[in-house]
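Novice: Listed below, chain by chain, are the residues.
Number of protein chains: 2
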Amino acid sequence: MKMNTKKEWVGALRGALSDQQVSVNETILEQHSKDESYHAASTPDVVVFPISTEQVSAVMKIATEYEVPVVPFGVGSSLEGHTIPYDHGITIDFSQMNKVLEVRAEDFLVRVQPGVTRSQLNKELKKHGLFFSVDPGADATLGGMAATNASGTTSVKYGVMRDQVRDLEVVLADGTVIHTGNLAAKSSSGYHLNSLFVGSEGTLGCFTELTLRVYGIPEFIMAARSSFPTVDDAVGAVVGILQAGIPIARVELVDEPSMKQVNLHSDTSYKEQPTLFLEFHGNAAGLKQDVDFMKEIVAEFQCEEIEFETDNAARVQLWEARHNLAYAYVHGYPGKKLMVTDVCVPISELAGAIRYAREELDAMALIGGIVGHVGDGNFHVLLMIDMNDEEEKTKADELNEKIVMYAIERGGTCTGEHGVGIGKQKYQEKEHGKALLVMGKIKQALDPLTLLNPNKILNTKS
Amino acid sequence: MKMNTKKEWVGALRGALSDQQVSVNETILEQHSKDESYHAASTPDVVVFPISTEQVSAVMKIATEYEVPVVPFGVGSSLEGHTIPYDHGITIDFSQMNKVLEVRAEDFLVRVQPGVTRSQLNKELKKHGLFFSVDPGADATLGGMAATNASGTTSVKYGVMRDQVRDLEVVLADGTVIHTGNLAAKSSSGYHLNSLFVGSEGTLGCFTELTLRVYGIPEFIMAARSSFPTVDDAVGAVVGILQAGIPIARVELVDEPSMKQVNLHSDTSYKEQPTLFLEFHGNAAGLKQDVDFMKEIVAEFQCEEIEFETDNAARVQLWEARHNLAYAYVHGYPGKKLMVTDVCVPISELAGAIRYAREELDAMALIGGIVGHVGDGNFHVLLMIDMNDEEEKTKADELNEKIVMYAIERGGTCTGEHGVGIGKQKYQEKEHGKALLVMGKIKQALDPLTLLNPNKILNTKS
Numbered sequence: 001m002k003m004n005t006k007k008e009w010v011g012a013l014r015g016a017l018s019d020q021q022v023s024v025n026e027t028i029l030e031q032h033s034k035d036e037s038y039h040a041a042s043t044p045d046v047v048v049f050p051i052s053t054e055q056v057s058a059v060m061k062i063a064t065e066y067e068v069p070v071v072p073f074g075v076g077s078s079l080e081g082h083t084i085p086y087d088h089g090i091t092i093d094f095s096q097m098n099k100v101l102e103v104r105a106e107d108f109l110v111r112v113q114p115g116v117t118r119s120q121l122n123k124e125l126k127k128h129g130l131f132f133s134v135d136p137g138a139d140a141t142l143g144g145m146a147a148t149n150a151s152g153t154t155s156v157k158y159g160v161m162r163d164q165v166r167d168l169e170v171v172l173a174d175g176t177v178i179h180t181g182n183l184a185a186k187s188s189s190g191y192h193l194n195s196l197f198v199g200s201e202g203t204l205g206c207f208t209e210l211t212l213r214v215y216g217i218p219e220f221i222m223a224a225r226s227s228f229p230t231v232d233d234a235v236g237a238v239v240g241i242l243q244a245g246i247p248i249a250r251v252e253l254v255d256e257p258s259m260k261q262v263n264l265h266s267d268t269s270y271k272e273q274p275t276l277f278l279e280f281h282g283n284a285a286g287l288k289q290d291v292d293f294m295k296e297i298v299a300e301f302q303c304e305e306i307e308f309e310t311d312n313a314a315r316v317q318l319w320e321a322r323h324n325l326a327y328a329y330v331h332g333y334p335g336k337k338l339m340v341t342d343v344c345v346p347i348s349e350l351a352g353a354i355r356y357a358r359e360e361l362d363a364m365a366l367i368g369g370i371v372g373h374v375g376d377g378n379f380h381v382l383l384m385i386d387m388n389d390e391e392e393k394t395k396a397d398e399l400n401e402k403i404v405m406y407a408i409e410r411g412g413t414c415t416g417e418h419g420v421g422i423g424k425q426k427y428q429e430k431e432h433g434k435a436l437l438v439m440g441k442i443k444q445a446l447d448p449l450t451l452l453n454p455n456k457i458l459n460t461k462s
Numbered sequence: 001m002k003m004n005t006k007k008e009w010v011g012a013l014r015g016a017l018s019d020q021q022v023s024v025n026e027t028i029l030e031q032h033s034k035d036e037s038y039h040a041a042s043t044p045d046v047v048v049f050p051i052s053t054e055q056v057s058a059v060m061k062i063a064t065e066y067e068v069p070v071v072p073f074g075v076g077s078s079l080e081g082h083t084i085p086y087d088h089g090i091t092i093d094f095s096q097m098n099k100v101l102e103v104r105a106e107d108f109l110v111r112v113q114p115g116v117t118r119s120q121l122n123k124e125l126k127k128h129g130l131f132f133s134v135d136p137g138a139d140a141t142l143g144g145m146a147a148t149n150a151s152g153t154t155s156v157k158y159g160v161m162r163d164q165v166r167d168l169e170v171v172l173a174d175g176t177v178i179h180t181g182n183l184a185a186k187s188s189s190g191y192h193l194n195s196l197f198v199g200s201e202g203t204l205g206c207f208t209e210l211t212l213r214v215y216g217i218p219e220f221i222m223a224a225r226s227s228f229p230t231v232d233d234a235v236g237a238v239v240g241i242l243q244a245g246i247p248i249a250r251v252e253l254v255d256e257p258s259m260k261q262v263n264l265h266s267d268t269s270y271k272e273q274p275t276l277f278l279e280f281h282g283n284a285a286g287l288k289q290d291v292d293f294m295k296e297i298v299a300e301f302q303c304e305e306i307e308f309e310t311d312n313a314a315r316v317q318l319w320e321a322r323h324n325l326a327y328a329y330v331h332g333y334p335g336k337k338l339m340v341t342d343v344c345v346p347i348s349e350l351a352g353a354i355r356y357a358r359e360e361l362d363a364m365a366l367i368g369g370i371v372g373h374v375g376d377g378n379f380h381v382l383l384m385i386d387m388n389d390e391e392e393k394t395k396a397d398e399l400n401e402k403i404v405m406y407a408i409e410r411g412g413t414c415t416g417e418h419g420v421g422i423g424k425q426k427y428q429e430k431e432h433g434k435a436l437l438v439m440g441k442i443k444q445a446l447d448p449l450t451l452l453n454p455n456k457i458l459n460t461k462s
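Chains as they are written, first to last, in full-length UniProt numbering: chain X, 1 to 462; chain A, 1 to 462.
Just chain X, with the same shape it has in the complex:
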């Protein structure tokens, strides 16, 4: 950052936007100093609230002229410090760019501004018999979800955020506005910028518009809870279901401690055993055949109870309970902070990886549970940490690292859906090797002054 120019560049921002759109209010700065994770807070110098692509472009031009770092911000629900401005500067809050711009029902596409949240979008889509599939735990913004390549419970059938993005409008570091894709279902034209920008965590540009793929609400949906004596049995059943080619729409593992949190927080009385939450989408006849087959498979793995939820309200309750699980832990342990591991491994390695995580968790005597999108090989250890207890913090870091190393050594990844932010940066070299140099060259080519969310994903400290 150039010296002694803060007054100048804040003045320039006030010139480009209206006064209410440029805030140095302490409460506002504080709200933009943290995310939902255990990572240390740090305030921006200024928060701006643009309402248009042109305004975002104007902000980026000022940032480039004065060499001020910029962090894009949705609702701050990230879990690895993505939105925390450690280098201060400008935070761009996209909450005022929150319109669903166009629903193209015949094309199964929707065009939205980045500040639209997933629940807001689904409310709008329901009128058209459509839904948006990606459902992280938080009611995140679609801009933030694209920035981290978020996923959730449905990716085993519908894919992750990257699979839904047909086009992004992106403001680059110098203020240039580009489109990364088009409206066609497929393309072999030029380099695939859509997929490069999805998951770039604000380090390559700011998203100002997204065109996303949506789906027709299935004719028939059936949800189920299936309890097992051990986590191993539950994971075995998932592998069996996948091997059998049963087209499952959701399959979530919730371990025994986590089922206890579910019941405490969600006013349910589910059996407190390792449980799979399942869902099937399709037509009535096909589903019946699939479910009958699934029942045979889970029986082979000592399934102790299987409860079907055909009633819509019970089904909604089941998935809300699952989605609120991280918050259940947070509320259950006041004063502690949430640390969530997020590895994803090949399915053949899943049972071993979860067993290893459980054993290490028990050996360290930390508080936590295991949940996961096990159809993808992605699972989380939810750890509740006292940030004033150095020993506990160190143990949690060690556990995270052990689980990450186990995954990477078996062809997996340090993060299946939460992203790198600041928390997973130290594992990037181990995971990507020399490919990290290629990522560095791309970053350098597109953001030569290192202004866009500096030191996230890649270590850009000299």
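I should point out that these hints are in silico values taken from the structure, not numbers from a laboratory. Fair warning: there could be bad hints in the mix.
Heads up, the list lumps identical chains together, so a pair's fine if it works in one copy or across two of them.
The calculated SDA-like cross-link candidates involving lysine to any residue, where the alpha carbons are at most 25 Å apart (straight line), are [claimed, not checked]:
| # | residue 1 | residue 2 |
| --- | --- | --- |
| 1 | Lys461 | Asp87 |
| 2 | Lys461 | Ser33 |
| 3 | Lys430 | Gly175 |
| 4 | Lys126 | Gly240 |
| 5 | Lys127 | Gly240 |
| 6 | Lys260 | His88 |
| 7 | Lys127 | Phe293 |
| 8 | Lys126 | Ala244 |
| 9 | Lys123 | Phe220 |
| 10 | Lys426 | Thr460 |
| 11 | Lys61 | Ala12 |
| 12 | Lys430 | Thr53 |
| 13 | Lys295 | Glu106 |
| 14 | Lys123 | Gln243 |
| 15 | Lys7 | Asn98 |
| 16 | Lys127 | Ser348 |
| 17 | Lys426 | Ile178 |
Because the structure is a prediction, the values reported are computed rather than measured.
Position chain A against the provided structure of chain X, taking the given hints into account.
Specialist: Same frame as chain X, now just chain A:
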């Protein structure tokens, strides 16, 4: 290219590889001077036949040292001049790197060398009850298919080549070897290099190994041919089927002139009317319900005949006939060359785009037919051109351009699956606008000497 060094760099290649792996034989050079398209031929100086990643890396190091252009080559089935070495230099022929290295059935993954062809892979996978979904017309290599982001008849259900690539081993311009991904079903770690390299047409690196997603052979498969009085009716039926949420695995349009070519070439006696070739994958009960629903929809669009092929041999014949259609045209018009348009448009624009293409084709009195992967909005006009007839060539170019402009103006793309090569380069700016500058920066960052397949996709002539 540095001056007066050809003898030196050919010598260096002979030093790094064995003598038989470095060819300057005229017949070999001539075989590597063209692809399956109408684009003008041009010979390389040398063709090398590496057998390992190390040898490819050695070749790239020599190419960089002597500043010699390099073109990777699979079987030369590209349709836009991708593999034609207009700047001469080294062609790397991957035909000796043709091993299926590993089948990880439990993970639904396979690891292959780039010279493996799709039919070779499927033969191997069948032993495991698995199949690879992407099926372009040609029996292309998997390396070539990844380089162009190929697709085919099944992408409406299983996705395109990019969706199947879990990891690539890539040799960069300077000989560095990287891996772009991992074995996990999803990842939010680092920039998504997989998708950037898929579709890069040899301009960013050479693929030396691919890890690909494969699928279980469905329990039940049903194919059908459905004839309509007009192309408009057939396209209307496709839109209706998609809107109804019927999970179709394949839906191909073949127009009346093309059905005639099918019958001439494939010894079939299908009705010579605009036809949809359809396929459904699933369980028996679900499929029955889907097909009953589908019948109601096609009936609304004046379907004149619907023939189901439940017999496996008849089903195979149906899809071979479809796959061989381009060759049917080529054999049907000896002396002429094939030019294929390849636009992809949003589904809502498909009927209009095909109608427009047919009208322009008729107005220009060119020989050709329309076929397409209409579930994706992707269609081809197959044109047979006399390359000695300048007027016909000009007309064909004009037609191609008109169809491309129509598509781009409606949110589509100039190429749905064939890639840019040299043929679609002139449309890149119209389609991508300022995003083309970003692509140029990425190319410059990864291939600063412009050695990798120069002047393909991007205009890299100074």
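Novice: If a hint holds in the structure, say so; if it doesn't, say that too.
Specialist: Comparing the hints with the structure gives:
1. Lys461 <-> Asp87: within (10 Å within a copy, 41 Å between copies)
2. Lys461 <-> Ser33: within (20 Å within a copy, 48 Å between copies)
3. Lys430 <-> Gly175: Answer is between: at 21 Å across copies they meet the 25 Å cutoff, but 34 Å inside does not.
4. Lys126 <-> Gly240: between (34 Å within a copy, 20 Å between copies)
5. Lys127 <-> Gly240: Between. Shortest inter-copy distance 19 Å satisfies the 25 Å Cα cut-off; intra-copy 37 Å does not.
6. Lys260 <-> His88: Neither: 40 Å inside a chain and 68 Å across chains, both beyond 25 Å.
7. Lys127 <-> Phe293: Between copies only: 23 Å across chains, 34 Å inside a chain, cut-off 25 Å.
8. Lys126 <-> Ala244: Classified as between; 16 Å across copies, 32 Å inside a copy.
9. Lys123 <-> Phe220: Classified as within: same-chain Cα gap 19 Å, cross-chain 36 Å, threshold 25 Å.
10. Lys426 <-> Thr460: within (12 Å within a copy, 37 Å between copies)
11. Lys61 <-> Ala12: within (10 Å within a copy, 49 Å between copies)
12. Lys430 <-> Thr53: Between copies only: 21 Å across, 37 Å inside.
13. Lys295 <-> Glu106: between (36 Å within a copy, 20 Å between copies)
14. Lys123 <-> Gln243: Between copies, since 20 Å is at most 25 Å while 35 Å is not.
15. Lys7 <-> Asn98: Neither: 30 Å inside a chain and 63 Å across chains, both beyond 25 Å.
16. Lys127 <-> Ser348: between (41 Å within a copy, 19 Å between copies)
17. Lys426 <-> Ile178: For lysine 426 and isoleucine 178, the Cα distance is within 25 Å only across copies (19 Å; inside one copy 31 Å).
The structure does not agree with the numbered hints 6 and 15 stated previously, though it agrees with the rest.
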